[in-house]
Amino acid sequence: MMTDWMDIIFKAFWCGCAAVGFAILFNSPARALFAIFLCGSLAGFLKFAVLLPHVGGGIIMASAAGAAAVGFASIPVSHWRHVPPIVISIPSVIPLIPGSFAYQTILGLISFVSHNEMEVLTKTAHDGVMTFFIILALSLGVTLPMLLFRIESVKKVNYFVPFLGNRKK
Amino acid sequence: MTGHTIEEPARLGNLLLQAGIALIKSGAGSSRVITNLSRFANAYGYEANVDLGTRNISISLHQENRGNIFSGSKSIATLPGANFKVVTVISQLSWDVVEKKISLEESEKIINQVFDIPTYKRPVILLFTGIAGSAFCFTFGGNPLEMAITFLATVIGLFFKQEMVVKKYNPLMITYGSAVVAAAVIGICWKIGVENDLDHAFATSILFLIPGVLLINSIIDLIDGHIINGVDRGINAMLHAFSIAAGLATVLYIFKVL
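So the protein sequences, as listed, match chains A and B. Count the first sequence with the working numbering and you get residues 1 to 169, in order. Count the second sequence with the working numbering and you get residues 1 to 258, in order.
Be aware that one or more of the hints could be misleading.
[Unchecked claim] Pairs of lysine-lysine residues, derived as DSBU-like cross-links and limited to a Cα-Cα distance of at most 35 Å, are as follows:
id	chain 1	residue 1	chain 2	residue 2
1	B	K100	B	K74
2	A	K123	B	K256
3	B	K191	A	K123
The hints are simulated quantities; they were obtained by calculation from the structure and are not laboratory data.
Hey, can you work out the whole structure from these sequences and the hints?
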């Protein structure tokens, strides 16, 4: 039990490191890097916590939870660091991108050329669908605050009086 | 005339075109580009109608009672990459224009300098992307030795990619070539017997090439209703994913793993 949580914290830490790596690759402003590390760790922590057997969420639920947390966190964080929210949220969810599913999908397609069996095709289709739905969950999670608050800019969002700041006059 | 000089619409129009192209080049989603440009135009008292592709932008400026007073378009040859410093600078500028009433001259100065914004130093990018690669390897269940090999492969692959970018190869060729180089490093480590089981390293060494910004922007565009741009970005991302897999498959075939 305890070792599970230690493992998750380690994985969250490394997710944060991966997020910072991609932030630097995307040339994010230096003042946002620590915030990106925190958000990336948060995403990793939620993903691997939801994946725990006794929590029992699948990989799609886990990715959606991580990405939604980043989406909501990116609003106050972008006020704090004075950057647009996508600068925080995109690098933070990159560690959740289903690289291994995408990799196995294409390898499956390639091996289907020489092994034309039902199992190969079924497994490839499964991997492909998983890739698509995880990416869908990630993007939905990141844009969820925008969709919920019906806003064009996060400057108008205030979590303490939700839905009041944006009434049409 | 209401206090405007004759040239103002043309200057504002060109400023908006430059800002829009800079945003497209830097990996901003379609609705973000349109929001930023409209905010600019509104601050100066105009209405901007923006038609947006993934490599081109057309803007018409309108003002009350005066109809269409500026039309222009601009396009870029290459497909966009990602540069979040540019996105940040332009977003901040559009707010400064609204809140602090910055003059057109100052805005022009900032927009013209936007591509001189320095990137991180090359060793820094290589180091941190390498760390990101080994971090991926850890979250996929790799051991410390695999993490070290993945670090090496990512650094060499990214170095090769940067060299190819400077020489202006086709982006898909760049992705394919870098995937081959990165995977070949793992393959060589495997052949000389550093470690017997390098599955995690093979799968994670090429992850720095994954077009994450494109994939996420693609779905965000689809959700926002920019269907054609979303499909465009999605297909582009899929082609990159296919290039990565083709590069990996080449190496796996050469080393007889597949």
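Pairwise hint evaluation, A:K123 against B:K191, where the allowed Cα distance is 35 Å at most: holds (29 Å)
B:K100 paired with B:K74 [C-alpha distance capped at 35 Å]: holds (28 Å)
Given pair status - B:K256, A:K123, alpha carbons within 35 Å: holds (22 Å)
Consistency note: the structure conflicts with none of the earlier hints.
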